[in-house]
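There are 2 protein chains.
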Amino acid sequence: MLHIPIEELDRRRDVLQKKLQLQDMDGALLAQNMTMYYLTGTMQCQYVYVPATGPCLGLVRRNMERASEETPVPLRRLAGFSGLPSLLAETGQKPSRLGLELDIMPAALYLRIAKVFSCETADVSTAVRETRQVKSAYELKQLRQAARQVDAMHRLIPEFLVEGKEELVFAAELENSLRRLGHQGIARMRGFNQEMFFGHVLSGISGGMASFLDSPTGGPGVSPAQPQGPGRKIIRRGEPVTVDYGGIHNGYIVDQTRLYSVGPIKEELKRAFEAALLIQERICENLAPGISGNEIFEIAVAVAQKAGLSENFMGFGDTQAKFVGHGLGLEFDEFPILAKGSPHLLGEDYVVALEPKFIFPTDGMVGIENTWRVTAGKPEKISITPDGHLTVS
Amino acid sequence: MLHIPIEELDRRRDVLQKKLQLQDMDGALLAQNMTMYYLTGTMQCQYVYVPATGPCLGLVRRNMERASEETPVPLRRLAGFSGLPSLLAETGQKPSRLGLELDIMPAALYLRIAKVFSCETADVSTAVRETRQVKSAYELKQLRQAARQVDAMHRLIPEFLVEGKEELVFAAELENSLRRLGHQGIARMRGFNQEMFFGHVLSGISGGMASFLDSPTGGPGVSPAQPQGPGRKIIRRGEPVTVDYGGIHNGYIVDQTRLYSVGPIKEELKRAFEAALLIQERICENLAPGISGNEIFEIAVAVAQKAGLSENFMGFGDTQAKFVGHGLGLEFDEFPILAKGSPHLLGEDYVVALEPKFIFPTDGMVGIENTWRVTAGKPEKISITPDGHLTVS
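So the protein lines, in turn, are chains A and B.
Going by our numbering, the first sequence opens with residue 1, and the numbers climb by one from there.
Going by our numbering, the second sequence opens with residue 394, and the numbers climb by one from there.
Pulled out of the complex, with its shape left as it was, chain A reads as follows (with noise of 0.2 Å):
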């Protein structure tokens, strides 16, 4: 059975052409697994070709049934890589001209295919990520549906959330619960290094250490060798508990962020709290097309500078990220980039994630993350789960 519609695939893969066409590609030879799995629906293939014109071909090292079953796109078995040229030749296709995701693909594999292919190439990761960032109806299915998932963890959290639990524990129920839901397990990032584990389930002091990561928050994690998310730490009554898990569909992401505690906050943390709202609200009166990330981020600095809290806006000190929020689809990292002097411009039906956060050394961090469909009029919420703080007693 198809996956993923043949009409979609094509819409995909036209979309990609037109740009390749504007490079002056005569073709792209794709290997990242998520670019393969959005042209072809199936995650079975070693390569995908796509030529400036005319239907893909997918290299099929294993497995070639389910490949079969899963797209529509032709196939063809790769048995060495020194032939990959040939298999190409047969089809028709001769480039000499050759796109490659240059910013994921492993440089002594880049190397080799440019060895073999003895052709110019060029990187056209910029033209794979931007066909990828304009979501189409199916791929908003597919986001109300993750949306829902997580919606549904988010409802037992009242039951699971208690003073004196491990973060770990708390965070391992959570994932349970995303698991029987259907949640795939992987969480994927494209960016080298970058790394997800269902996200970020942190509580008080917790919510305020940083790590490697590109993101404004990290968490302590279980080691050093695996430095971000829930730690051993208990959880506190009083403190920020923060659950930033996303929900995944057919792998597609919803991003979201909500606040709890066992008891009341502090004044401080409730302030901080409704500024991130606030600056939510003032981002979505201007999230439209042609915005650009860095306008957005400005927006948002401007309402944490009023607040008198623009010392802990998304960070503080020297781990402050620049950052407010990120375009979001089959990875956590897709385009457009919401940041200081980020040049994307945004467009209908870009996903992006809005993520306001304040952070405070020793209480934490508190903030609201949602998923949002740019439109030509107000942007769709496609979270559903409500921003409030909510207190367990």
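These are computed hints drawn from the structure, not numbers from a lab.
Don't take each hint at face value.
Unchecked claim - A few chain B residues that face chain A, going by a derived Cβ cut-off under 8 Å, partial list only:
{"id": "1", "residue": "His396"}
{"id": "2", "residue": "Met436"}
{"id": "3", "residue": "Gln437"}
{"id": "4", "residue": "Arg459"}
{"id": "5", "residue": "Ser461"}
{"id": "6", "residue": "Pro499"}
{"id": "7", "residue": "Leu502"}
{"id": "8", "residue": "Gln526"}
{"id": "9", "residue": "Val527"}
{"id": "10", "residue": "Leu561"}
{"id": "11", "residue": "Ala565"}
{"id": "12", "residue": "Arg572"}
{"id": "13", "residue": "Ile579"}
{"id": "14", "residue": "Val785"}
{"id": "15", "residue": "Ser786"}
Said to hold, decoys possible - Covered stretches of chain A, going by a simulated chain B footprint (3 or more residues, C-beta under 8 Å):
{"id": "16", "region": "159-165"}
{"id": "17", "region": "272-280"}
{"id": "18", "region": "332-339"}
In this text, a Cβ means the ideal position worked out from N, Cα and C, and glycines have one as well.
Fit chain B to the given chain A structure using the hints.
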């Protein structure tokens, strides 16, 4: 508090430096997260420079505070990419031959580094991987802890394994148990596009579904966007249920597989399981310094042939994998590779997972997997869970 002892880090660096000297390198700029963790004890570096002699240098973007606490290696703050050569020059390092891990470094990053340093570069990934394949007393201690962790999970299986339960729900219960036991969640593979979520819990026909992954088993997963591991299949009486979940402690992985079933399994499957145990025994009689990965594979194939099961060994048809085991440590796919044609010669204190498995198209998989340390004498079994097939009623 330092996470890894100084003398351990010094020893690791010394081994790598000897290999860099043999390659006539002035130094290596290493950027892969587990390589950097291995050499420093922290994941908070953006790059680690290893000169041919003398101390390493960690270059930190974020988080400097955590990096300083976790590693004794000298650190410098990395502001911008173009400042890399001058930052090194300040410490007296001006490499004219620079080693890089080209097997995993993205091509775009490689091209930028080659340009900004304008010096000769060479691939030192084999030197790095060969350094990492010999495990120290410290590392063996972590692995033994990981073995205890996954064993504690296995002891819970008789409680969780019930006829009529979804694979995914059974798996979620095991994942929940592992997390409570301190499992870090993230399961790392070095290979491009390779990914893993805990491992594979499979029942009946699911055990016969190969995937794109370099692994004998695949499984349905929850969708074509995550086509490995458990899916929504119901566990039935009389089916083999295999649990291939690793334990991970301080980053170090123990890989093991155990066979379970609700009620007895077919005689044919029992015989295949006995053959897998016999392969393990025969390999262990020969598992010693000097034997090659290819020879180990040939031993396995000979036993499978004698048992009349060569067509089901490590897969069937065109998805049959030509391997029987792999090195492991911080990643599931470390050196050595125990596969057809593998030239890797085993040495003392190499740690390998041996996983003889038989796979049948409709009945699924039976087999065994344990993690072993190669010694001058008999191999040490690091896994501690009993090997036998456990039947619950």
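Now for the hints, and whether the structure bears them out:
1. His396: Hint holds; histidine 396/B Cβ to chain A Cβ min 4 Å, cut 8 Å.
2. Met436: 5 Å, holds
3. Gln437: Hint holds; glutamine 437/B Cβ to chain A Cβ min 5 Å, cut 8 Å.
4. Arg459: 7 Å, holds
5. Ser461: At about 12 Å, which exceeds the 8 Å cut-off, the nearest Cβ of chain A leaves the hint on serine 461/B violated.
6. Pro499: Interface hint status for proline 499/B: holds (5 Å vs cutoff 8 Å).
7. Leu502: 7 Å, holds
8. Gln526: At about 18 Å, which exceeds the 8 Å cut-off, the nearest Cβ of chain A leaves the hint on glutamine 526/B violated.
9. Val527: 19 Å, violated
10. Leu561: 6 Å, holds
11. Ala565: 4 Å, holds
12. Arg572: Because about 4 Å separates arginine 572/B from the closest Cβ in chain A, which is inside the 8 Å limit, the hint holds.
13. Ile579: With a closest approach of 5 Å, the isoleucine 579/B hint holds.
14. Val785: This hint is violated: valine 785/B lies away from chain A, its Cβ roughly 21 Å from the closest one there, beyond 8 Å.
15. Ser786: The hint is violated - serine 786/B has no Cβ within 8 Å of chain A, the shortest such distance being about 25 Å.
16. 159-165: Violated: only 0 residues of the region 159-165 of chain A have a Cβ under 8 Å from chain B.
17. 272-280: Violated, because only 0 residues of the region 272-280 of chain A bring their Cβ atoms closer than 8 Å to Cβ atoms of chain B.
18. 332-339: violated (count 0)
When held up to the earlier numbered hints, the structure conflicts with 5, 8, 9, 14, 15, 16, 17, 18 and fits the remainder.
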